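J.: Mapped onto the UniProt record's numbering, the consecutive letters of the sequence shown carry residue numbers 1 to 399.
By construction, these hints were calculated from the structure, which means they are not laboratory data.
Treat the hints with caution; some may be incorrect.
Between beta-carbon pairs, the in silico distance windows are [claimed, not checked]:
no.: 1; residue 1: Y305; residue 2: R93; range: 51 to 59 Å
no.: 2; residue 1: K368; residue 2: K137; range: 37 to 45 Å
no.: 3; residue 1: P391; residue 2: G254; range: 20 to 28 Å
no.: 4; residue 1: K280; residue 2: S314; range: 17 to 25 Å
Note that the coordinates shown come from a computational prediction; the quantities given were computed from them, not determined experimentally.
By construction, the Cβ of each residue, glycine as well, lies at the ideal position given by its N, Cα and C atoms.
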Amino acid sequence: MLKGKLLCDAFNSLRTSASSIVDFATTKVGEFGSSACTDHQYGCEYNPLCDDFPPDFPPPDTPAVSVFCVDPNGCCDFRTVQAAVNAVPNHSRKRNVVWINKGVYFEKVTVPASKPNITFQGQGFDITAIAWNDTAKSANGTFYSASVSVFASGFVAKNISFIVTVKMLHNNVAPIPRPGAVDAQAVAIRINGDQAAFWGCGFFGAQDTLHDDRGRHYFKECFIQGSIDFIFGDARSLYENCRLISIADPLPSGQRSITGSVTAHARVSEDDNTGYSFVKCSIGGTGWIWLGRAWRPYSRVVFAYTSMSDIIASEGWNDWNDPSRDQYASFNASVDSYLHKRKTVFYGEYKCTGDGANLADRVPYAQKLSDVQVLPYLNTSFIDGDQWLKPYCDSLISA
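Work out the full structure, taking the sequences as your base and the hints as a guide.
T.: This is the structure:
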């Protein structure tokens, strides 16, 4: 039955490496993705593959929530995620939960702007995944390479992974690029709609994994893997208790050349209120990487209470090798009234820990934030969460 309750902190066992989802994706495609539908529950003949299907799903619709059930073996109304999305009524005001059974769904999925208020609910980010293998070259541009593209407002995802760099069917693979590689970018998900939230999700890629593009977004207890600019875009987003794992090329002992970066924020004006805030996250993995680089002149990123391993380069940040991006400019009075002037980019750190958190050799335009400076970035008020976030928790189904 449908159980609406707060599940904001429901995901309690994030994996510490990408190996489990890689192994899962490469071994389970055949197991879960090849059988013909003979479902006992949806009018087909008996199929033993459906015996493990939860007997109480899909739960009944309610006045507030509609449920669309997806299973790769045909034990549901839909075999593909895109088919379920297509079935959601346009411009629906209800919460439409796309309940996705365990399996790898090798498909390119789009949630158009005409289908707001959709939830993707998986069964665990290490056993439920949507994967595709486009790159910037094959898709005619980085923005179009995404395995999943979300243009609708009010999107929610829970306990599911979005993948681009897993060897899948027919040996297709999006390669791990080296710094400076041309057309090798590959996006796991592009989020272009406002008010999107993710709980316990996985994002697996290399260069440009998570296109956090436009709108206000929230990420809680997620696992984000990549190498170069693996969180990029011009959204206003809060990341809480997330694991950020670099798979950038490891360096031989004693060498210190940059092989990756966590963020590339694209704020273009001091009047824009966009930026990324990372609170109580952790950064680990391989390589020698920056916390961020200024994709656009007013890039804004803050790390607070975050554990940083020794893969973080001592300088911490990069201005895209363009000194004009770290010049003084006036603050936006509505956002940054506590100071009179600042650098064009806004890169701040506050009470971070670990070998990579030493501020002694940071670039001069990076800021050690004060208690007052960091305050706007520490909680969901940064993304106006009091206006929209809590009802999303109430609409999730117990899994």
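J.: Under the constraints set out in the numbered hints, which ones does this structure not fulfil?
T.: 1 and 3
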